[in-house]
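K.L.:
Sequence:
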Amino acid sequence: MFFEEGLIEFLQSYRSSALDIFFLVVSILGTQYFFLSASAVIYWSYDRKFGMKLAILMLVSFWATLLFKELFHMPRPNDKYRIEYPYFEEKYTETYGFPSGHALNSVIFWYAFASWTKNKFVYLLGILITVLVSISRIYLGFHFLSDVLGGLLFGCIFAVVYSYFTERLEQFCKVDKDGNMFDNRLKICLIILFTLLFLFPFSLDSAKIAGGFLGYTLGYQLLDVLSLSKILDNISDNNSKNNAKNPKHSKKEKITRSILGLGMLAIFFVPLSLAIYFFNLNRYSTFISFISYFLLYLLMGLLITLIVPILLDNLLNKNKNLS
Numbered sequence: 001m002f003f004e005e006g007l008i009e010f011l012q013s014y015r016s017s018a019l020d021i022f023f024l025v026v027s028i029l030g031t032q033y034f035f036l037s038a039s040a041v042i043y044w045s046y047d048r049k050f051g052m053k054l055a056i057l058m059l060v061s062f063w064a065t066l067l068f069k070e071l072f073h074m075p076r077p078n079d080k081y082r083i084e085y086p087y088f089e090e091k092y093t094e095t096y097g098f099p100s101g102h103a104l105n106s107v108i109f110w111y112a113f114a115s116w117t118k119n120k121f122v123y124l125l126g127i128l129i130t131v132l133v134s135i136s137r138i139y140l141g142f143h144f145l146s147d148v149l150g151g152l153l154f155g156c157i158f159a160v161v162y163s164y165f166t167e168r169l170e171q172f173c174k175v176d177k178d179g180n181m182f183d184n185r186l187k188i189c190l191i192i193l194f195t196l197l198f199l200f201p202f203s204l205d206s207a208k209i210a211g212g213f214l215g216y217t218l219g220y221q222l223l224d225v226l227s228l229s230k231i232l233d234n235i236s237d238n239n240s241k242n243n244a245k246n247p248k249h250s251k252k253e254k255i256t257r258s259i260l261g262l263g264m265l266a267i268f269f270v271p272l273s274l275a276i277y278f279f280n281l282n283r284y285s286t287f288i289s290f291i292s293y294f295l296l297y298l299l300m301g302l303l304i305t306l307i308v309p310i311l312l313d314n315l316l317n318k319n320k321n322l323s
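In case it helps, this note's numbering puts the sequence shown at residues 1 to 323.
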């Protein structure tokens, strides 16, 4: 413990405002908001199936992180080491420290993303960002070195498991025009949902994961059931012949879709999230706070997988018709 606190003090001995802001920004690259936003962009603009696959993978990773933290019950560093700025505050630092969720989730995300792109530069970029995110957690005083190393180790193990079960995950995300997969997807979703609620009753983290998982699953399947999946399948990079002939598959269009999609998501999600935070519903009832976050992340899943794609399709097609 003395060595680990000494490492934090050593890193913070080089502290400056510029370095604080740098590591605070880098740390954001290890949050659920970054991972889910990135998977949403892939879902809307590049590859629907992989976008869904990546989102489900990250939700399971968040769940595993929560499980490990509750299992090991290891404390975080003393609050005196904490570096926070306005608008960069972390709200749930009362959770346990081991393993570092930022480190664990970064390994999984970048491994899956790099495997999808099959690009050596993306592999190197992923390693660099994962290392920087890990250092940021120690520098900012949120984790000990052991927390970060544990997160990296569990992340590597999880990545190996992901490689082994990747085909099964693809089956979960497989498009079924007849909707025959709906029952199986819903069963899997409900099993995970109720397991979360049973293991961590009234935990805000479990509420978010459970709500997000249900929202993603329902939205993804409803897009098939309503025969609307073509609005995303048509833009998939896997369809190379179609991409070569159709101008809507240009990089400019994909960037436009991504920016508009994130904007639409923010318009719905951010005000509701801020309202729940500022009203501090937990002071009234833990149950009310739990349900609020569950419904918020349920809505987020539906927005990403169903509502935003429909809005994007209507908006972009309308603009093309006008032009």
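Heads up, a few of these hints could be off.
[As the list claims (entries may be wrong)] Computed list of lysine to aspartate or glutamate pairs in EDC-like fashion (alpha-carbon distance at most 20 Å, straight line):
#, residue 1, residue 2
1, K80, E4
2, K120, D20
3, K49, D224
4, K80, D20
5, K251, D313
6, K252, D47
7, K69, D224
8, K120, D224
9, K230, D47
10, K118, D20
11, K254, E5
12, K251, D47
13, K252, D205
14, K254, D313
15, K49, D313
16, K230, E253
17, K80, E5
18, K69, D79
19, K69, E9
[Stated by the list, open to error] Listed next, with one range per pair, are the computed distances between beta-carbon atoms:
#, residue 1, residue 2, range
20, I127, I291, 18 to 28 Å
21, S13, I191, 18 to 28 Å
22, T166, V131, 17 to 27 Å
23, N317, S13, 56 to 66 Å
24, Y96, F287, 18 to 28 Å
By construction, these hints were calculated from the structure, which means they are not laboratory data.
We put the beta carbon where it would ideally sit given N, CA and C, even for glycine.
K.L.:
All hints, please: hold or fail.
P.N.:
Hint by hint, here is what the structure shows:
As the CA atoms of K80 and E4 are separated by approximately 14 Å, the hinted pair is consistent with the 20 Å bound. A distance of roughly 30 Å separates the Cα atoms of K120 and D20; the hinted pair therefore is violated under the 20 Å criterion. Proposed proximity of K49 and D224 is supported: the alpha carbons are some 12 Å apart, at most 20 Å. For the hint pairing K80 with D20, the CA-to-CA distance comes to about 15 Å; that is within 20 Å, so the pair holds.
In summary, the hint linking K251 to D313 is supported, as the alpha carbons are separated by about 16 Å, within the 20 Å threshold. Only pairs whose Cα atoms come within 20 Å are accepted, and K252 paired with D47 is accepted, the gap being roughly 16 Å. This hinted pair does not check out: K69 and D224 have alpha carbons roughly 37 Å apart, beyond 20 Å. For the suggested pair K120 and D224, the alpha carbons sit about 34 Å apart, so the restraint of at most 20 Å is broken.
Restraint check for K230 and D47: satisfied, since their Cα atoms lie roughly 12 Å apart, inside the 20 Å limit. As the CA atoms of K118 and D20 are separated by approximately 34 Å, the hinted pair breaks the 20 Å bound. Proximity of K254 to E5 is assessed by CA-CA distance (about 46 Å); at most 20 Å being required, the pair is judged violated. Taking the CA atoms of K251 and D47, the gap is about 14 Å. The hint holds against a cut of 20 Å.
For the given pair, K252 sits about 37 Å from D205 by alpha-carbon distance, which is inconsistent with the 20 Å threshold. Of the pairs offered as hints, the one joining K254 and D313 holds, with about 12 Å between alpha carbons and a cut-off of 20 Å not exceeded. Proximity of K49 to D313 is assessed by CA-CA distance (about 18 Å); at most 20 Å being required, the pair is judged to hold. Of the pairs offered as hints, the one joining K230 and E253 holds, with about 17 Å between alpha carbons and a cut-off of 20 Å not exceeded.
About 11 Å separates the Cα atoms of K80 and E5, which keeps this hinted pair within 20 Å; it holds. A C-alpha spacing of about 18 Å is found between K69 and D79, which places the hinted pair at or below 20 Å, so the restraint holds. Proposed proximity of K69 and E9 is contradicted: the alpha carbons are some 24 Å apart, above 20 Å. A hinted range of 18 to 28 Å is violated for the C-beta pair I127 and I291, which are about 40 Å apart.
The hint said 18 to 28 Å for the Cβ distance between S13 and I191, and at roughly 49 Å that hint is violated. Between T166 and V131 the beta carbons are some 25 Å apart, a value that agrees with the proposed interval 17 to 27 Å. Look at N317 against S13: about 57 Å separates their beta carbons, and that is inside 56 to 66 Å. A beta carbon spacing of about 23 Å between Y96 and F287 agrees with the range 18 to 28 Å that was offered as a hint.
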